[in-house]
Amino acid sequence: NAGVMQNPRHLVRRRGQEARLRCSPMKGHSHVYWYRQLPEEGLKFMVYLQKENIIDESGMPKERFSAEFPKEGPSILRIQQVVRGDSAAYFCASSPASQETQYFGPGTRLTVL
Amino acid sequence: GENVEQHPSTLSVQEGDSAVIKCTYSDSASNYFPWYKQELGKRPQLIIDIRSNVGEKKDQRIAVTLNKTAKHFSLHITETQPEDSAVYFCAVQGAGFQKLVFGTGTRLLVSP
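As given, the protein sequences belong to chains A and B, one line each in that order.
With the numbering used here, the residue at position 5 of the first sequence is 5, and numbering never jumps.
Residues are numbered in the numbering used here as their position in the second sequence, beginning at 1, plus a constant of 1000.
Since the hints were derived computationally from the structure, they do not count as laboratory data.
Careful: at least some of the hints might be erroneous.
Below 30 angstroms or equal to it, Euclidean Cα-Cα: the simulated DSS-like pairs (lysine-lysine) are [as the list claims (entries may be wrong)]:
(1) B:K1057 to B:K1042
(2) B:K1058 to A:K27
(3) B:K1042 to A:K62
Hey, can you work out the whole structure from these sequences and the hints?
Listed below in structure tokens is the structure:
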């Protein structure tokens, strides 16, 4: 049973470009969460999605960031016009239902030059 | 919103010693408390968790205790080994919420 998958594992972008991060939840999991981890810091919640719905985006910056979890395919976290402060590790987690254990993917390490 | 404090930020022990990491939280309605271990460059991995209807849970060398009255919970690792060296994060999930609020992490170093 494959775990949570994320790609790419490493992403380099220049300032002003767009970054697209993908997350495929564990089989049977329909709840997806995105967290951001700055260097030497803890994880900060960004957004919680179920299929085709954003349930909680209270941790998402109001501008440049968006997330989706379509009926078919992976969840995508999109960052437009990236800035150096967006450099971080972005982790996706999934769970089979709400209030259940969250399992993390390997993360995407975004570097903005 | 929920606020989670974690102490200590670094912890150095000798192999075979015990290690204890403590977290406090602010929302008395919080009901789920997982602990994650993160090795350098790797994903956070769940090592143990506890729900608010339980006071203590143990899994081999790892245990978690929860004091709901005082709003704190602790991770206990006995007979530490060098491979226990990592950063450990506590997290809290509130009732009716799905997001996890994480502590700031404890860097554990186990010396042979």
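For each hint, the structure was consulted:
Restraint check for K1057 of chain B and K1042 of chain B: the C-alpha separation of about 26 angstroms stays at or below 30 angstroms, so the hint holds. Under the criterion of a C-alpha separation no larger than 30 angstroms, the hint pairing K1058 of chain B with K27 of chain A is consistent with the structure, at around 28 angstroms. Distance check on the hinted pair: K1042 of chain B and K62 of chain A sit about 28 angstroms apart at the alpha-carbon level, within 30 angstroms; holds.
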